[in-house]
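Residue numbers for the sequence shown follow numbering that gives the first Met the number 0, so the first one is 0 and each next one is one higher.
Because the hints were derived from the structure by calculation, they are not lab data.
Incorrect hints may have been included.
[As the list claims (entries may be wrong)] Label-pair ranges, simulated between beta-carbon atoms:
hint, residue 1, residue 2, range
1, LYS2, ARG49, 16 to 22 Å
2, ALA66, LYS43, 19 to 25 Å
3, ARG42, GLY18, 19 to 25 Å
No residue lacks a Cβ here, since even glycine has one placed at the ideal position from N, Cα and C.
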Amino acid sequence: MDKCKELQNKIKIIIKELGLTQIEIAKRVYCERFEDDDPEEIRKFTETFRQNLKRKAKPELLESYLANIANLREFKNSEMAISSPTFRYKKGASRDI
C-alpha cells in the first residue's frame with residue numbers, strides 16, 4: 000500500500016473511532032488551521048478535505064491533517080492518543096510510562 004492510501008486509511012479509521020463524520024472532522028481541522036469562520040471558506044475546505052481522502056493527495060498534506068486531528072480535544076481525550084504509535088503521548092504526559 001502506498002503512503003497516500005495508508006495515510007487516508009489512518010485518517011478514516013480515526014474519524015470512525017471518534018464517532019464523527021468526515022464533514023465534522025474537516026470543520027474542526029479548518030478551525031485548527033485558520034482564524035476566520037467564513038461559512039463559504041469552511042464549505043470549500045470541507046469539500047477539499049473529503050476529496051483528499053478519496054483521491055491521490057500529497058502525503059505531506061495528509062500528515063498535516065493528522066497533526067491537526069491530533070490537536071483536537073476529541074482525539075486528546077480518546078484512547079487513541081495514548082495507544083496509537085503515531086500519537087503515542089498526550090501533550091504534557093510523561094514519556095516514562
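Check the structure against each numbered hint from earlier and tell me which ones fail, lowest number first. none
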